[in-house]
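Peer 1: Put together the whole structure using the sequences plus the hints.
Residue numbers (numbering that gives the first Met the number 0), protein chains in the order written: chain P, 0 to 210; chain A, 0 to 371.
Calculated directly from the structure, the hints in this document are not laboratory data.
Here the structure is a predicted model, which is why all the values come from computation and not from measurement.
Treat the hints with care, since some could be wrong.
[Stated by the list, open to error] With a straight-line Cα cutoff of 25 Å, these simulated DSS-like cross-link-like pairs (lysine-lysine) come out:
hint: 1; chain 1: A; residue 1: K246; chain 2: A; residue 2: K69
hint: 2; chain 1: A; residue 1: K76; chain 2: A; residue 2: K9
hint: 3; chain 1: P; residue 1: K52; chain 2: P; residue 2: K31
hint: 4; chain 1: A; residue 1: K315; chain 2: P; residue 2: K65
hint: 5; chain 1: P; residue 1: K144; chain 2: P; residue 2: K100
hint: 6; chain 1: A; residue 1: K315; chain 2: A; residue 2: K359
hint: 7; chain 1: A; residue 1: K359; chain 2: P; residue 2: K52
hint: 8; chain 1: A; residue 1: K359; chain 2: P; residue 2: K65
hint: 9; chain 1: A; residue 1: K359; chain 2: P; residue 2: K72
hint: 10; chain 1: P; residue 1: K146; chain 2: P; residue 2: K122
hint: 11; chain 1: A; residue 1: K9; chain 2: A; residue 2: K246
hint: 12; chain 1: P; residue 1: K52; chain 2: P; residue 2: K72
hint: 13; chain 1: P; residue 1: K122; chain 2: A; residue 2: K191
hint: 14; chain 1: P; residue 1: K31; chain 2: P; residue 2: K167
hint: 15; chain 1: A; residue 1: K315; chain 2: A; residue 2: K246
hint: 16; chain 1: A; residue 1: K315; chain 2: P; residue 2: K54
hint: 17; chain 1: A; residue 1: K76; chain 2: A; residue 2: K153
hint: 18; chain 1: A; residue 1: K359; chain 2: P; residue 2: K122
hint: 19; chain 1: P; residue 1: K8; chain 2: A; residue 2: K315
hint: 20; chain 1: P; residue 1: K104; chain 2: P; residue 2: K144
hint: 21; chain 1: P; residue 1: K122; chain 2: A; residue 2: K76
hint: 22; chain 1: A; residue 1: K359; chain 2: P; residue 2: K8
hint: 23; chain 1: P; residue 1: K52; chain 2: A; residue 2: K246
hint: 24; chain 1: A; residue 1: K246; chain 2: P; residue 2: K8
hint: 25; chain 1: P; residue 1: K167; chain 2: P; residue 2: K104
hint: 26; chain 1: P; residue 1: K8; chain 2: P; residue 2: K72
hint: 27; chain 1: P; residue 1: K100; chain 2: P; residue 2: K146
hint: 28; chain 1: A; residue 1: K153; chain 2: P; residue 2: K100
hint: 29; chain 1: A; residue 1: K69; chain 2: A; residue 2: K198
hint: 30; chain 1: A; residue 1: K246; chain 2: P; residue 2: K72
hint: 31; chain 1: P; residue 1: K100; chain 2: A; residue 2: K359
hint: 32; chain 1: P; residue 1: K54; chain 2: A; residue 2: K359
hint: 33; chain 1: A; residue 1: K315; chain 2: P; residue 2: K52
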Amino acid sequence: MLAFNNFSKAYHSQVILQIPELTIPAGLHWIKGRNGSGKTTLFKVLAGLLAYKGKITLEPDILLSKETVLHRKYINYGEAEPLYPAFLSGMDLIHLYAQAKRAPKSQVQELTETFQADLFLNKPVSTYSSGMQKKLSLILAFTGKPKIILLDEPLITLDEQTVQLMYKLILEYQQHHGVSFLISSHQDICMPQLPFTATWLVQNKTLTPSQ
Amino acid sequence: MSALPDILQKVVVKLFYRQNAGFFLAVFIFAFGLQSPPSLLVSPMFLSDAVGSPVFIVVDLLLFFLYYLKCFNFTNKTLNAPENSFLQVAALLPPQLLLYNLARVHILLYFPALVYTLLMVGYAIGQMNYLAGVLIILYNIILTSFSATFFYRKLSGTKKDPKSNFFLRFGFIPAFNTVYFWWLRYLLGQEKVMLFLTKLFSGSILLAFLYIYPYPAYDLRPALIGFWTAVVSHVMLIQRVQLFQEKDLTFLRNLPYNYFRRFGHQAVFYGFCLIPELILLLRYLPITTTFLFIGQLFALGISFMLLMHALLYRQKQSLRNYARIVFFIFMVFLLFFLTSPPLYLITVILSVSAFGIFSKRYYAFEPELDID
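Peer 2: Given below as C-alpha cells:
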C-alpha cells in the first residue's frame with residue numbers, strides 16, 4: 000500500500016525520522032510510539048502537510064511528491080488536536096471537504112448522524128468543546144473516497160460512546176470500502192475492538208514492525 | 000528579578016515588530032521615499048514651522064492615534080489569545096510592577112510615534128511654545144496610562160466570551176461561507192484595525208494622486224503611481240493573510256486542489272481586496288476613455304499581491320529580507336512606470352513569476368521554520 004524509499008524528515012537539519020526501505024501493506028495498522036517520537040510528523044508528512052526527502056509511493060504507482068492532487072484525494076487525515084478558525088462553522092468545513100473530496104451528500108449526512116454532530120455543526124467553531132472539535136475532525140477524515148485514513152490519537156477527548164461509534168465506522172470503511180487505516184496512539188493505550196493487521200513502532204528516529 | 004518583562008517582550012513586543020515589518024516598510028516609504036528631500040519630515044526647518052501650527056499638531060496627533068489603535072488592538076488580541084491565557088497569573092504580582100510592565104510594553108510598541116512626538120516637544124520648547132509641548136506630553140501620558148490600566152484590568156479579570164464579536168457571526172451571508180472569503184472574514188474579525196488602517200492609508204494615497212494630478216490635465220502616470228503605492232501598502236495585509244493560511248488553515252493542504260485552484264483562491268480574494276481602490280479609480284477617472292487602463296491597473300494590482308504572497312513561501316526568509324525585496328520591486332517598477340510601459344506585459348510577468356514561485360515553493364514550505 001505505502002512504500003517508503005530513502006525517506007527522511009528533518010527540522011532545522013535535525014533528523015526526526017529516517018526510513019530507508021519499508022512497505023506498509025493494506026489493512027488496519029497501529030502506529031505506536033512515545034511522546035515526541037515522531038508519530039505526528041509521520042502523519043503530517045503522509046497527509047501532505049509537511050515536506051520531506053526521498054520517495055513515498057502509494058501503490059501501485061502514485062508517487063506522492065509528484066501527484067500532489069491524487070495524494071490528497073486518496074489520503075485523509077484526522078489530526079490529534081484539531082484547530083480550526085474560530086469564525087467558521089463545522090458545516091463550512093464539511094461543505095468544503097465534501098466538495099473538494101467529491102463526497103456524496105448521503106455520506107456527509109450519515110457521518111454527521113453517526114457522530115451525533117448535527118446539533119452543533121451550524122455553530123461557530125469558537126463555541127465547540129475539544130470533544131466536538133475532535134468529532135468534526137473525524138467527520139472530515141472520513142469524508143470522500145480515500146484509500147488511506149490517518150487517525151492521529153483518535154481516542155483523546157472522545158467519550159466512550161463516540162469511541163465505540165468510531166471503531167464501528169473504521170471496521171465498516173475497511174471491510175466494505177477497502178480503506179486502510181494508520182492509527183496512532185501512545186504505547187499504553189489498547190484498542191481491543193480493532194483487529195490490527197500489524198503494529199508498528201516509531202522509535203530511534205525510524206519506523207519498524209513491532210515484535 | 001521578575002520574569003514578566005522577558006515574557007511580555009517575547010509574547011507581545013517581538014511578535015508585533017515581526018508581524019508588522021510590512022507596515023513599517025510602507026510607512027518608511029511614505030515618510031522618506033516620497034518626500035523631497037527625503038528627510039523633510041524630520042528636518043529642523045519643517046518641525047520648527049510645524050509645531051507653530053495647531054492644525055499640523057492636531058493632524059499629527061490624530062495620525063499617531065491611529066497608530067496607537069493599531070498597537071492597542073495588537074496587545075489586546077495577543078493577551079486574549081488562548082495560548083497566552085497563562086499571563087493571567089501575572090495578576091498575582093504587585094499591582095505597581097504589573098502596571099509598570101504593561102506601560103513599558105505600550106511604550107515599546109508605540110516607540111516610533113513616541114520618538115517623533117518627543118521631537119516635536121523639543122522644538123515646541125525651543126520655540127517657547129510651551130502649550131503645544133505640554134499638550135503633546137499630556138497626550139502621551141494619557142495614552143500610556145490608559146493602555147496600562149486597561150490591560151491591567153484585563154489580566155486581573157475574566158475573559159470575554161468570543162461569541163460577542165459580531166464578525167464571528169459574519170457567515171450569515173452565504174457567499175462569505177465559501178473558502179474564497181475566509182481570509183476576508185478573518186481580517187474583519189481579528190485584524191479589523193490593521194485592515195482599516197491599510198485601506199485608509201491606501202485610499203488616502205490614491206485619492207491624493209487622483210485629486211492633485213487630475214486626468215486629463217495631467218497624463219495617467221500619476222494615477223498609475225498612486226495606485227502602485229496604494230497596492231504596495233497592502234504588503235502587511237498580505238503577510239497576515241499568508242500567516243493565517245499557513246497557521247490556521249493548514250488543513251487546506253490536505254485537500255486535492257491543483258496549484259491553479261489554490262492560486263485562483265488567492266487571486267479572487269486579492270481582487271476583492273482591491274475593490275475600494277477600483278471604486279476610487281472609477282470615480283475620479285473618466286470611464287469612457289480610461290476603461291482599459293483601469294482594468295489593467297486592477298489586474299496589475301492583483302498580480303503584484305499574488306507575487307508578494309508567493310514570495311512569502313521562500314523558506315527561512317526573514318521578514319527584513321522580505322521587506323527589502325518589496326522595497327526593491329516597488330522602486331524598480333516606480334521608475335519603470337515613468338516610461339509608460341505596457342501594463343498588460345508587467346501584469347503577465349508578475350503573474351507568471353508569482354505562479355512559478357508559488358508552485359515551486361508551496362509544498363516545500365514549512366511555517367514552523369519561518370521564525371526569525
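Peer 1: Against each hint, give a clear statement of whether it holds in the structure.
Peer 2: Here is how each hint holds up against the structure:
For the suggested pair K246/A and K69/A, the alpha carbons sit about 22 Å apart, so the restraint of at most 25 Å is met. Note on K76/A and K9/A: the hinted pairing holds, with a Cα-Cα distance of about 15 Å set against a maximum of 25 Å. Pair hint K52/P plus K31/P holds up; C-alpha atoms about 23 Å apart against a cutoff of 25 Å. About 23 Å separates the Cα atoms of K315/A and K65/P, which keeps this hinted pair within 25 Å; it holds.
Proximity of K144/P to K100/P is assessed by CA-CA distance (about 7 Å); at most 25 Å being required, the pair is judged to hold. Of the pairs offered as hints, the one joining K315/A and K359/A holds, with about 15 Å between alpha carbons and a cut-off of 25 Å not exceeded. Between K359/A and K52/P the alpha-carbon distance is near 15 Å, which keeps this suggested pair within the 25 Å criterion. The hinted pair formed by K359/A and K65/P meets the criterion: a straight-line CA distance of about 12 Å does not exceed 25 Å.
Annotation: proposed proximity of K359/A to K72/P holds, straight-line Cα distance about 20 Å (limit 25 Å). The straight-line distance between the Cα atoms of K146/P and K122/P is roughly 31 Å, outside the 25 Å bound, and the hint therefore fails. In summary, the hint linking K9/A to K246/A is supported, as the alpha carbons are separated by about 19 Å, within the 25 Å threshold. Taking the CA atoms of K52/P and K72/P, the gap is near 21 Å; set against the 25 Å cutoff, the hint holds.
Under the criterion of a C-alpha separation no larger than 25 Å, the hint pairing K122/P with K191/A is consistent with the structure, at around 22 Å. Pair hint K31/P plus K167/P holds up; C-alpha atoms about 21 Å apart against a cutoff of 25 Å. Restraint check: the Cα-Cα separation between K315/A and K246/A comes to about 16 Å, which is no more than 25 Å; the hinted pair holds. Among the hinted pairs, K315/A with K54/P is consistent with the structure: their alpha-carbon atoms are about 24 Å apart, no more than 25 Å.
Taking the CA atoms of K76/A and K153/A, the gap is near 11 Å; set against the 25 Å cutoff, the hint holds. Using a Cα cut-off of 25 Å, the hinted pair K359/A and K122/P is violated, with the two alpha carbons roughly 37 Å apart. Annotation: proposed proximity of K8/P to K315/A holds, straight-line Cα distance about 16 Å (limit 25 Å). Distance check on the hinted pair: K104/P and K144/P sit about 13 Å apart at the alpha-carbon level, within 25 Å; holds.
Between the alpha carbons of K122/P and K76/A the distance comes to roughly 22 Å, so the proposed pair stays at or under 25 Å and holds. In summary, the hint linking K359/A to K8/P is supported, as the alpha carbons are separated by about 19 Å, within the 25 Å threshold. Note on K52/P and K246/A: the hinted pairing holds, with a Cα-Cα distance of about 23 Å set against a maximum of 25 Å. For the suggested pair K246/A and K8/P, the alpha carbons sit about 20 Å apart, so the restraint of at most 25 Å is met.
Taking the CA atoms of K167/P and K104/P, the gap is near 21 Å; set against the 25 Å cutoff, the hint holds. With a C-alpha separation of about 22 Å, the suggested pair K8/P and K72/P falls inside the 25 Å cut-off, and the hint holds. For a cut-off of 25 Å, the pair hint linking K100/P to K146/P stands: about 12 Å separates their Cα positions. Among the hinted pairs, K153/A with K100/P is inconsistent with the structure: their alpha-carbon atoms are about 44 Å apart, more than 25 Å.
Simply put, K69/A and K198/A have alpha-carbon atoms about 13 Å apart, close enough for the 25 Å limit, and the pair holds. At roughly 22 Å between alpha-carbon atoms, K246/A and K72/P fall within 25 Å of each other, so this suggested pair holds. A hinted pair counts as satisfied when its Cα atoms are at most 25 Å apart, and K100/P with K359/A qualifies at roughly 24 Å. Our distance criterion of 25 Å between C-alpha atoms is met by K54/P and K359/A, whose separation comes to about 18 Å.
Pair hint K315/A plus K52/P holds up; C-alpha atoms about 17 Å apart against a cutoff of 25 Å.
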